[in-house]
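J.: So the chains spell out like this:
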Amino acid sequence: MAITLSESAANRVQKFLDQRGKGVGLRLGVRTSGCSGMAYTLEFVDETLPDDITFESFGVTVLIDPKSLVFLEGTELDFVREGLNEGFKFNNPNVKNSCGCGESFNV
Amino acid sequence: MALLQIAEPGLCADPHQHRLAIGIDLGTTNSLVATVRSGSAAVLEDEAGRALLPSVVRYVQVGIPEVGVEAQLRQTDDPHNTIASVKRFMGRGLKDVPGAAATPYRFVDSPGMVRIDTRAGLKSPVEVSAEILRVLRGRAEASLGGELTGAVITVPAYFDDAQRQATKDAARLAGLNVLRLLNEPTAAAIAYGLDNASQGVFCIYDLGGGTFDISILRLSQGVFEVVATNGDSALGGDDFDECIYRWIVEQAAIVDPTVTDARLLLSLARKAKEALTDHDEAQICVTLSSGQAIDLVLTAETFFRLTASLIAKTLAPTRKAMRDAGLGMDDIDGVVLVGGSTRMRHVRRAVADYFQREPLTNLDPDKVVALGAAMQANLLVGNHKTDDWLLLDVIPLSLGLETMGGLAEKVIPRNATIPVARAQEFTTFKDGQTAISIHVVQGERELVGDCRSLARFELRGIPPMVAGAARVRVAFQVDADGLLSVSAQEQTSGVQATIEVKPSYGLSDDEIARMLSDSYSNAQTDMNARNLREQRVDGLRLLEATQAALDQDGWQLLSDAERATIERAMETLRVMLNGQDHIALKRAAESLNRATAQFAARRMDASIQRALSGQRLDTLEV
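First to last, the sequence lines map onto chains A and B.
Residue numbering for the first sequence follows our numbering, starting at 1 and increasing by one per position.
Residue numbering for the second sequence follows our numbering, starting at 1 and increasing by one per position.
No lab work stands behind these hints, which were simulated from the structure alone.
Only part of the chain A face toward chain B is listed, based on derived beta-carbon distances under 7 Å:
(1) L42
(2) N85
(3) F88
Rough simulated footprint, nothing fancy, chain A against chain B, three-plus residues with beta-carbon under 8 Å:
(4) 2-11
(5) 33-46
Positions of the beta carbon are idealized from the N, C-alpha and C atoms, including for glycine.
Kindly generate the complete structure, drawing on both the sequences and the hints.
T.: This is the structure we're talking about:
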């Protein structure tokens, strides 16, 4: 199983990285917080950590720490537009239920 | 389902804790809103994909006013209720509104700021601006999917306190939390990342729809200082359209075009202008309501020739700003183009020729101010590591108060970084004085009459003391938006008074520019005037003290001859007080001082004798 980006997400990430002018990739993660137990994190990466697990998707490097990978195994990160709003969305097969907002979840 | 954005390393917000921040360019002609998403600043568009919101508000009988394109379309049909360019009226009284008679609006003078009579009632410029901001806020909330933490709103560098306060009030009325007001040229400089340099001097050339502003900024240690501003508040892209329009009318020999035809031709003129940015000629092809068919080709060359005088009109204020700043071409480290009109090739060329360097143009000149504001907003809500850049703003004109003799005492000097608080101690001039009138002024000149009066208030209840014994501490505080509050406290008794300065009306940009340049050109006269006033105050005080002493024990301690000498010296001083020569005045005061030296010594002896008489030596505590 792997972590993947949709093509549109990869294009966006690449564009943001270019505009930012630095950074080696994108870090996906989870941490314990939020209304439903776990919350996603999404950050630029300037330095890789020794334990990081690396995936490659449409030319974009995705990094994830081993603890988070347990909860994210098989996740696809998509970039979507909803009306005027646009942003990234986690399609995570491990999720049993999430809070209404989708920012935090439970496995 | 909330959509996520990419955060800076280690700065990922907790769920529901996203700090959404926006930057708003509240323009005279168009307004924009921008935000930073996933590390990049971007302008937010409406449902139709338009970034620019025309700054036009049309009041309707009932319900929410129309804002933007719809309102703009109705401008000709419904001129009284459709308000455009409201920014020109912000914080202004009727007498300060430039060209009020030329506008179709029904202005009503009212204390503080003009009101406009519309079918929805009297509207202040603040309310009209709030309608524009409300639409932008709605667009931002729909785009970001949540409540906004705050907004940075840009204002022209020359906006004074009243105009800034009015802008802030409009934002509050629109339900926005104002993180800070930011100078437009500073915002443009931020968008270009010029603040990442350690220092430099930058020139911001801003040619918008109806206004032209030139600002020279100096960056040092992360602080942008506005060195000089100038401009023309009635010059912009619309004038270029007008030039083409007149050319069409002339070429096609159109006699008395109807209102509809004129509007049609103006919009074709605008399209031709835009086409000439990328092409060497533009076709103007239309059939008028009279049936007259028009088919003209406007070449770029003709267009450049037609509008050369307009460009020259931008270079005159530019030269003036450079002169005010005392800078040469070699001192300029970068030129930034702002405003849609700077897309025109010959504008760019003229600017490049004048500054002998290529201006920065890689950002969209319409969006650059909003983008810079968004970046600043993102920083202020803490979505960005602050050690990367800490940007401060400065106050444009010195703030101070009136002291005895009509002198302006500067408490906070011009270009002090804000927020700032400074205090100074003042005292009473007369014996037994129980109140002090505090007159807050703004400006660079030495005499109060040449500065702008911002506010007056009184500190009462000072216990009666001899002149000079009271200690009145006056504190000036300017918040991050450049708004001033002044408080005064008498230190020995603790009585205090405070005022928030909301000046009743504003200064025009020309006035600000004039006040600044006057302060340079009149430096010598001002200094002489200050010396003269100071000497007068000293002289008056000396006369009063001498007279009081003479009345008290002059008859006892002085011979008639001595008394006559002193009175002669007093008379000379009195005459000099009305003169203009501060040196002669000073000499007269000194000679009175000399003439009274003996008298003062005798008074001292007499008071010691009085204190000692009737006391025995051994009871004295020495």
